[in-house]
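Below, each chain spelled out in residue letters.
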Amino acid sequence: MKFKRIAITAICAFVAGSAIADKKATETTPDQDVQTYRDYFMKRFPGVPLEEYANGVYAIDKVSRDNWEALEEFPPYEPMVEDGETMWNTPFANGKTYGSCFNDDPAQRKNYPHWDDSRKTVVTLPMAVNECRTANGENPLKYKKGAMATLLAYMSYESRGQKIDVDIPNADALDAYNKGKQVYFARRGQFNFNCASCHMQSAGQKARADILSPGLGHTTGWPVYRSKWGELGTLHRRFGGCMKQMRAKDYKAQGEEFRNLEYFMTHMSQDLEFNGPSARK
Amino acid sequence: MAKKSIKIRAKLKGGVTTVKCLMNHPMETGLRKDKKTGEPIPAHFIQDVVAKHNDAEVMTAQWSGSVSKNPYVAFKFNGGAKGDAVSVAWTDNMGKSEMGSAKIK
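So the sequence lines, in the order shown, correspond to chains A and B. Residues in the first sequence are numbered from 1 upward in steps of one, following the working numbering. Residues in the second sequence are numbered from 1 upward in steps of one, following the working numbering.
This is chain B alone, in the form it adopts within the complex (with noise of 0.2 Å):
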């Protein structure tokens, strides 16, 4: 089973669409150390997300270091009809990115 790096799923419920997304992500925020050298363990976050809705954007963040590891984001948008393409994408401040979608239900 590959390791998915988004988790999302989108539900259609009177007319707004909810999508709930996971990420797979370290968020450190440059100032913890490391507990045997000393040296601080390098910053490396999400700073854009951007979610799309058939190629629409509807949500767009600007992510700090604040957001904790593993970061899970809940947002809704008005319209989607069941089987659109629902997808989330992120870039990191190291230039990493991942992308991953869904159907909405």
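So that you can see chain A by itself, here it is in the shape it has in the complex (with noise of 0.2 Å):
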């Protein structure tokens, strides 16, 4: 009972903020968004520290954490990160490497997700690598997993203990943020859910045999290799996966929904370290 009125009481203050349209005076800022997550969270889970939010599900549980890290002694993403880093080093048919569109390191992680002006919209980590392959006369790579996801598990290692930045510099890049956050609390699906009433709400509690994650670092750790896929697998997937098993419609991977709903998570993880590629159940 005590956690709903305190969920019910943060979310509406989101909410009443998230309204895109029209500028009400009640419109929260993106920095008074961070505080509220941050706030909601603390008093949720007392005595857990701001940095291991970073760990998930972990970070609330010992019996899994106890497990995790077992798993962690030889964590299943190793020989993916060293396949990434033969990707990485391979160039192009055109002789050119990953490095001439990065300035030579890997380690992008703080860089994105970015409001780019000129376009007018969120540019991704693998929608940039993606941009450079075409740019170098390569076919796009898939963003749900695959090779797409074994490169950026060499990228993400190397851009572990990097902070997240994310600025949001001007009122376009504000709107896609609060078109995110619009994703991020829209009710759908059969079940008429949204984000909040697992990742918020419901917080430490089960779903069926699941402990349901908190929303604080939800960004930090991709790609991930997910037990249950078997295999790395990339945030949007995870997005839309999450989506489909909420009995909704899910947006497509890289497209504006998912992209201003990054953006709009990871901003809600300002401060905290990238600490990918990580294992989950």
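Read the hints as simulated data drawn from the structure, not as lab findings. Among these hints, one or two may not hold up.
Ranges of calculated distance between the beta carbons of each label pair, as one might list FRET restraints [what the hints assert, rightly or not]: (1) Glu98/B to Arg187/A: 48 to 54 Å; (2) Asp34/B to Thr29/A: 51 to 57 Å; (3) Lys11/B to Gly99/A: 20 to 26 Å.
We put the beta carbon where it would ideally sit given N, CA and C, even for glycine.
Fit chain to chain and form the complex, with the hints in mind.
Here it is in structure tokens:
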């Protein structure tokens, strides 16, 4: 009951500020949103330090954490990081490498997602990877798994420790941010759930056999080796999968809705460290 | 960085050595079908695993297709001393084999 009251208050504070078309005085700023989000979880899970939220459900449940720590001794994503490094170093048909698009530095996590004002859109890292490929005469990779996830595993591994610092520089960027926020809080599907229903209101509680992870820190550890998949998957794969599990129509991977959602969610995890690739159940 | 097929860690504690090992192997059961051609993917799995401590066999295992991809195995044996060599070798149903070794820490 106590949780429900806290949840509803916090969610109301959020939703009140998420009206896009009309700029009311009650609209909250992204900085206020980050504070509200953080405060909610700090109160909900007392004693869990902010940085720990990057580990998802393992920050709040001891038994699954013990299993996870045992698994991390031989991380299942390790072979993919090695394969990703090979991909990074293998030249395209035209002789250039990924390094030519990324300043020879695979540690790019801190630069994405970001608002591109010239194109008036949110740019994510997988999107930038494919733009690099097509600019060099290669086919774009699929966004949910496979080679893209493998390359991202290497780039994320190299980026470990970088802090999330998402900038919302102007009104257009703020509009994209608010659109992402709306995706997060819009009820959808057969259950009429939104992201907050499970990952704020019911965080720490069980959905059948799984413990629902807190929304704070959700975007730090991608790509993820999910035991359920038996392979790596990207953030947008999980977005789509989760929506389908909620019996709602999912948006397209790396489409505008999910990119805006990633923009909003990454900003909510401001100051947390990127710790991908990671392993999850 | 060469891709190591077997990753091994061996730790000594209280007179017992715990060995943890992760192997890279597709472990195909032979029952899966190729999605495009409809043809069954041939069975390819590790059949025999032999673990040795200083040339003495400490663990053997006979596996089948029921073990999943990239198998992880952990086992303990009495004895062992820091710096001793522990090796794990596998042979699969296609006759291939790999070996990895590590020193006990």
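Hint-by-hint comparison with the structure:
As the Cβ distance of Glu98/B to Arg187/A is approximately 52 Å, the hint placing it in 48 to 54 Å holds. Between Asp34/B and Thr29/A the beta carbon distance is about 53 Å. The supplied range of 51 to 57 Å therefore holds. Hint check: Lys11/B to Gly99/A, Cβ distance near 39 Å, so the stated range 20 to 26 Å is violated.
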